[in-house]
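Make a model of the complete structure from these sequences and hints.
In the working numbering, the protein residues as written are 1 to 240.
Keep in mind that the hints were calculated from the coordinates and are not lab data.
Be careful, since some hints might not be right.
What the hints assert, rightly or not - Calculated lysine to any residue pairs in the SDA-like style (CA-CA distance at most 20 Å, straight line):
{"#": "1", "residue 1": "K171", "residue 2": "V133"}
{"#": "2", "residue 1": "K217", "residue 2": "W240"}
{"#": "3", "residue 1": "K171", "residue 2": "L184"}
{"#": "4", "residue 1": "K183", "residue 2": "F215"}
Unchecked claim - Pair by pair, the computed Cβ-Cβ distance ranges are:
{"#": "5", "residue 1": "V227", "residue 2": "M61", "range": "24 to 34 Å"}
{"#": "6", "residue 1": "S40", "residue 2": "G236", "range": "49 to 59 Å"}
{"#": "7", "residue 1": "C94", "residue 2": "N70", "range": "24 to 34 Å"}
{"#": "8", "residue 1": "V102", "residue 2": "H66", "range": "13 to 23 Å"}
Everything numeric in this text was worked out from a predicted model, so none of it was measured.
Ideal Cβ placement from N, Cα and C applies to all residues, glycine included.
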Amino acid sequence: MSFAKKLLHLNKGGLIGALLTTLVGLLLYGGFGLGLIYRSYDYPFGPRRSITVDEVVLIYMDDESHRELNQPFEAPWDRSLHARLLDRLTREGCRAVVFDIVFADPSQNSATDERLASAIRANGKVVLAADAVPVIGSEKIGEAKRLIYPFEPFKENAAALGLDEVSASWKWKKMSAANAAKKLDEYVSLRGAIAHRGAAATAVTKLHATGFFSFVKRLVAKTGGKVNKHVMGATGKSLW
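See the structure below:
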């Protein structure tokens, strides 16, 4: 075979290879190819058994709870119920308990207050909520706040205090605090689905991942700013 024919033969092979490569690339670039790429992220988790999340429990004071426990809708609950809950959590070895309730004032029953304070002390890992309210007559409207602490017998026995105002700072252009909290919940649910069930309900794209990463970074910045602002107002000094 002459050199020219060999060269032509090689060119034909190269051309066919390039054509096939282009066709496969176009195929993978489309919806079919993206579907395969997304599924490839899930396939390694397929053989793994489902993992049940049982280390975190949310207890709601919802309408059904009000009715079942015979508690009023327009007044605070009987604090002996909270004490009973804490007693059980202590027996079960719960590693931390967080109350999203501001127990700011004494109740009408001092005995139940003493029982709850005792239960908080016995547990030793209870975080109670504090509240921040605007100072009336402040020159900086909406800026100056005063803290409403839990009732002293509860506060002195709590392991720590939490401030629910932090999440209120999660807002920026075209993003309200409520929507930010909802989006964060979606992210946590998605992460849980992948980590514990091995796959999300829908395909997870790179755009999803980068979007959530940017979102969480923004939440961290907002949270840090809010905490620093609170510390500045309380001490006159910045954290950084």
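Results of checking the hints against the structure:
Distance restraint check for K171 and V133: the Cα-Cα separation of roughly 19 Å lies within the 20 Å cut-off, and the hinted pair is therefore satisfied. At most 20 Å may separate the alpha-carbon atoms for a hinted pair to count; K217 and W240 meet this at roughly 18 Å. With a C-alpha separation of about 12 Å, the suggested pairing of K171 with L184 holds against the 20 Å cut-off. The hinted pair formed by K183 and F215 meets the criterion: a straight-line CA distance of about 9 Å does not exceed 20 Å.
Look at V227 against M61: about 27 Å separates their beta carbons, and that is inside 24 to 34 Å. In this structure the hint that S40 and G236 lie 49 to 59 Å apart at CB holds, the actual value being about 55 Å. Checking the proposed 24 to 34 Å range against C94 and N70 shows it holds: the Cβ atoms sit about 26 Å from each other. At roughly 18 Å, the beta carbons of V102 and H66 sit within the given window of 13 to 23 Å.
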